[in-house]
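Engineer: Sequence:
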Amino acid sequence: MFQVLRKVDYDSLFDKELASWLDNQFQTKIAEQQQEQIKDKIEGLKFLDETAKMQKWGMELKKHAPKSLEESLFYICKSSTTYPYQNYVSRTSLSYTWPLFFEKFPLGQIWLPKISKRWWDEIWRGEKQIAQKTGYNAKHPEGFHPQEASGLQAENFPLTALNTLACGIYPLILCDYIHTSADIVFIYIPDRAFKHSQMIEGRTLFQEILWKIHHVFDDQWTFDGSRGPKTGANINFMNPIKQLGYFDGFLSQVSNRMSDIIAISDPFIREQLGMTINRAICDAQLCVTCELPYISKVFFFSCLDKLANLMVLLNMEANEIEAWKRLADEQFLNKEVLTTLKDIPGNAGEYLRWIIKHALEEMKFDDLSPQDLRDIRNSHHGYKLRPKTFERLMEKTGEINNDITLIVTPLILFFLSKKWKIK
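With the sequence shown counted from 1, adding 12 to any position gets you the working numbering.
For the record, the hints were derived by calculation from the structure and aren't laboratory data.
The beta carbon of each residue, even a glycine, is placed where N, CA and C say it ideally should be.
None of the hints are false.
As a list, the in silico EDC-like pairs of lysine to aspartate or glutamate whose alpha-carbon atoms are at most 16 Å apart:
#: 1; residue 1: Lys337; residue 2: Glu348
#: 2; residue 1: Lys318; residue 2: Glu334
#: 3; residue 1: Lys435; residue 2: Glu329
#: 4; residue 1: Lys207; residue 2: Glu82
#: 5; residue 1: Lys369; residue 2: Glu342
#: 6; residue 1: Lys430; residue 2: Asp355
#: 7; residue 1: Lys408; residue 2: Asp384
#: 8; residue 1: Lys126; residue 2: Asp260
#: 9; residue 1: Lys408; residue 2: Glu374
#: 10; residue 1: Lys207; residue 2: Glu83
#: 11; residue 1: Lys41; residue 2: Asp61
#: 12; residue 1: Lys254; residue 2: Glu362
#: 13; residue 1: Lys318; residue 2: Glu329
#: 14; residue 1: Lys433; residue 2: Asp272
#: 15; residue 1: Lys79; residue 2: Glu115
#: 16; residue 1: Lys90; residue 2: Glu72
#: 17; residue 1: Lys430; residue 2: Glu348
#: 18; residue 1: Lys75; residue 2: Glu115
#: 19; residue 1: Lys376; residue 2: Asp231
#: 20; residue 1: Lys140; residue 2: Glu154
Listed next, with one range per pair, are the computed distances between beta-carbon atoms:
#: 21; residue 1: Asn248; residue 2: Lys79; range: 16 to 26 Å
#: 22; residue 1: Phe280; residue 2: Leu81; range: 39 to 49 Å
#: 23; residue 1: Asn248; residue 2: His392; range: 35 to 45 Å
Could you put together the complete structure from these sequences and hints?
Structural biologist: Here it is, written out as C-alpha cells:
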C-alpha cells in the first residue's frame with residue numbers, strides 16, 4: 013500500500029536507470045510527445061522549450077535558497093512540486109531540487125514511497141457509497157465526497173501518519189515530505205536533526221500572548237532549570253541518518269494499516285476508523301510540539317479521547333471511559349506499549365522507551381492515577397462535574413509534569429503496530 017520504491021543518495025543522481033524510472037513514474041515521455049505534436053502544428057514557439065524553462069526555474073531555485081540549513085530543508089521540500097508542468101518533476105528533481113538538497117545535506121537521503129492505486133480506488137469507492145447513502149451527492153452535485161473539507165478523511169491517513177515520523181520526537185524535526193502528482197511521496201531525510209521551540213525560538217507578539225497563560229497546567233519549569241519546557245531528545249543522539257531502521261519500520265506499519273483499512277467492507281466503519289486515527293495523530297502532533305503547558309495538555313487529553321474511541325472501534329475495550337483510563341495505566345504502558353516499542357531499533361527506540369518509563373515515574377511522583385488524569389480531562393467541560401469528581405480534584409495540587417504528555421507518540425506507534433480488524 014505504501015512501499016518504498018527507491019532510496020536516493022548523492023551517488024544516485026548520476027544513475028541513468030533512476031532517471032528513466034522517474035520519467036516513467038511521472039509520464040514525462042508522454043508530455044514530451046504531446047509538446048512535439050503541438051510544435052508540428054505551430055512552428056517556432058520558443059515558449060515550448062521546456063529545457064530552457066527548467067534551467068531558468070533551477071537558477072531561481074538556487075538563487076532564493078535560504079542560507080540556514082533548517083530553512084533549506086523546508087524550502088527544498090516545498091519547491092519539489094512548484095514547477096508548473098508536473099510531468100517534468102522527474103527532471104527538475106534530478107537536475108535541480110535534489111542536487112540542492114545534497115549540497116546542503118551531503119549524507120542525507122531521499123526516500124520515495126508510493127501510495128498504491130488500489131488504496132485510492134477502494135477509499136474513493138467507499139466514499140462514493142457514503143455520499144449516495146447519506147444523500148450528500150444530491151446536495152453537492154459537484155461530485156465530491158462527505159467531509160471533503162475536513163482534511164480528516166481516511167484517504168489522508170498515510171500522509172497524516174508521516175507527521176509522526178517528522179516531528180513525533182520532541183523537540184526535533186527528523187525529515188520533511190511532500191506528495192507528488194505521481195502518488196510518490198518525496199521524504200527528505202537530512203543528515204542532522206533540527207530543534208524547534210514554540211516558546212523560546214524567538215520573541216514574537218504571539219509568544220508574548222502565550223506567556224500570559226504559561227502558568228496554567230504548568231509543572232513550574234524555569235529558564236534557569238536544566239530541562240526546559242519538556243525533556244527533549246538530544247539533537248546529535250537522534251541524527252536521522254542513524255535512525256533509518258526506525259523509518260523503515262514506521263513506513264512498513266503504515267502500509268500494513270492501510271491494507272487493514274481497505275479490508276473493512278463497511279465504508280462507514282472504514283471512515284470512522286480512518287478519521288479517528290487521523291485526528292489522534294493531529295492531536296499528538298500538537299501535544300508534542302507545543303511547549304505552552306495548557307495547549308500541550310489539552311491536546312494530550314484530546315489525543316487520549318481519540319485513542320480510547322479507537323480502542324472501542326477495534327474491540328480492545330467495551331467502553332471509552334475504561335479504554336481512556338487504560339491508556340494511562342501503568343500495567344498497560346509497561347506490559348503492552350513497552351513490549352511493542354522494544355522492536356524499534358536505534359536511538360529512536362531507546363528514547364521512545366525511556367519516555368514511557370519516565371512518564372510513569374512522574375505520574376507516581378505526582379500521585380496521579382488514571383482516574384486523576386481522567387478527572388482533569390473531564391474539567392474540559394467546566395468544574396461542575398459528577399458527584400465526588402470535583403472533590404477528588406480538590407485533593408490534588410493540580411500539577412502535571414509536562415513530560416507526561418510525550419507518551420502520545422509511543423501510543424500512536426503502539427496502535428500502528430496492531431492489526432486493525434473490525435469484528
